[in-house]
Amino acid sequence: MDYFVVGYYALLIGGSCLAAYFQQRSAFLLLFTLTLVSFVVGIVGGQGALWTITVIAALLALAAGTSYAWREFLVTISGTETAKAFRTMPLTASFGLFVIFTYAVMGIFAPVIAPYGEAEVIGGAFDPPDENLLLGGDQLGRDMFSRIVYGARNTVGLALVATTLAFVMGAVAGLLAAVKGGWFDQFMGRFADVIMSIPSIIFALLMLSIFGANLYVLVIVIAIIYSPRVFRLTRAVAGNVVVMDYIEAAKLRGEGTGYLIRREILPNSTAPLVAEYGLEFCFVFLLLAGLSFLGLGIQPPTADWGSMVRDNATLISFEDPTPLIPAAAIALLTVAVNFVVDWMLYRSSGLKD
Amino acid sequence: MGDVVSLVAKRLGLGLVTLLVISILIFFAVELLPGTVAEAVLGQGATPENVAALEAKMGLNDPAPVRYLSWLAGAVTGDFGVSLISEERVAEKIGPRFANTLFLAAYAAVIAVPISIILGVIVALLRNSIFDRVANVVTLTFISSPEFFLAYILILYFAVKTGMFPPNSTLQSDMTFNELIYRTFLPALTMVLVVMAHMMRMTRAAIINLLSSPYIEMARLKGVSPWSVIVHHALPNAWAPIINVVALNLAYLITGVVLVEVVFVYPGIGQLLVDSVQKRDFPVVQACCLIFAATFILLNLAADVGSILTNPRLRHPK
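One line per chain: the protein sequences are A and B, in this order.
Residues in the first sequence are numbered consecutively from 3, following the working numbering.
Residues in the second sequence are numbered consecutively from 209, following the working numbering.
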């Protein structure tokens, strides 16, 4: 019996007893379940597994602490109205905002943060990490760390452009369909049905095989694939607004379609649309990552997270987890956006269940 | 019953029309190619004679609608023409690989479906407890991770560090069933993780939606035991959403397989599609896309028909 194991269980059981004494029901449940799980995992996986659990718990605690501090920071610097919203924000959403902020800083100031250029060859292939190369070299001897930093700019930037295009296309079509109705509405609806009945990655592969993998094709194809989702949502949301009396009044005043959309419909349907933009970004980002991973996305030598994983995958068979960092970066940003979207949907729907 | 039959027939007809439209889209997308297919295949070094010869061989001199009809007629009878690169028959290339892909998807589904539905129902019953929140965060993390991230983590731990499973899933024809199950365990597990997260969330949402309906509250208020509320009141109406969830996720399995197959070098149709896209082997790409789209549409169709058939309101019309 090691001191670590004794201390581990003493801490967990002591924690659950304290939680039970102070009637913190959920904390007790969590801690005690963790104790029971640790019994099983500890017997199966030995001490190493317990260490893994400890590290994960410490990371979670660190994330929770950061999110808490970040929320307080946001509350302090923002005005009264927004501060109210931030104060009731769950920790997960605060964590999401923090991650998004970090990625934005990394992407915008990439040339300042990265020690080397993204295509600069520094050392030999797969050089081990040292004080010069923080995470070692990649398959051509470029600095892995710099490429990850630049990846924040390239990968996320491209996903943002594609999402925005998809969103604008879908939203404009949806708003026009809701206001105009008639054959335009019918036609766009059927068109959206057809696009949505093809699996997105298959459609993207078909189009890329025909037009070749370049950035413009990629952005346009992804916009076409994902705009039907936005179209449907906008059509549904705007459809509910269009039947209101104030729209009728505006029409009788003789206002044009542009005015109706800009001044009457949009202000009343922003909340679900903003949430949809976040969700849409996640889909686009994951699809782009998948395509880059297959070698059909952003082309070398531009640094990109998806293709970095593929190019350096051989390192994994030498027990080196470095190639997983860009993949983890993709996952982390997607999780973060999802957390924020969840919070916004919760706020806009007013659902309490 | 007349209502149900006409509804199902209508839905089937709509599915068939969608499939037809998609086949048109897949065929004519290749026509959008700048220049002709022959030029694209031969590349830079093409002489006019070469191009003309290849065009004649591929039957490109016929007008497009005629070629579409003969392609469609071939596709319906399982003949997708000849590969541009290897000159094999596309159908022979695809056949065994499609079987492999279906095997992998079925393997993942057999594990994922029962576990995730049971977990989804449990999480729905425990909603707003600490378990529910933890499950929410964990499933969200799995959904947000790219498939290749999960796949490489599994390879790192189960193949490289502990050596429990092989890191790639190349198949030989003389493998026994047990060996097959063993070699394809990691790709199947990757897909199980992703699909399980989706299914749990969807099952949870469906069950919670159901439990908040007035007739369940009525049953509770009149003093029916919680167990009986679930089995006798909630379950008959829960079949439709659950069937929907299963079918939608099977559709997801069939298409999500592409990346997983590439990571594990599994000889399935997804890997063939990616290879052919890189080599611009259009007949193979078209055939793969059509098969994927058809499977996707059929499963969605099954979801709709299933939920129509299990809907008590439609089965017992007033």
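In short, the hints are calculated from the structure, not lab data.
Even glycine gets a Cβ: it sits at the ideal position worked out from N, Cα and C.
Mixed in with the good hints there might be a few duds.
Restraint-style ranges between C-beta atoms, simulated for each label pair [as the list claims (entries may be wrong)]:
#1 A/Ala-273 <-> B/Ile-293: 49 to 55 Å
#2 B/Met-426 <-> A/Asn-242: 25 to 31 Å
#3 A/Ala-87 <-> B/Pro-273: 53 to 59 Å
At the C-beta level, are B/Met-426 and A/Asn-242 separated by a distance inside 25 to 31 Å?
holds, 29 Å
Take a look at whether the Cβ-Cβ distance between A/Ala-87 and B/Pro-273 falls inside 53 to 59 Å.
holds, 58 Å
In this structure, is the beta-carbon distance linking A/Ala-273 and B/Ile-293 contained in 49 to 55 Å?
At roughly 51 Å between Cβ atoms, B/Ile-293 and A/Ala-273 fall inside 49 to 55 Å, so the hint holds.
Hint compliance for this structure: every hint is met.
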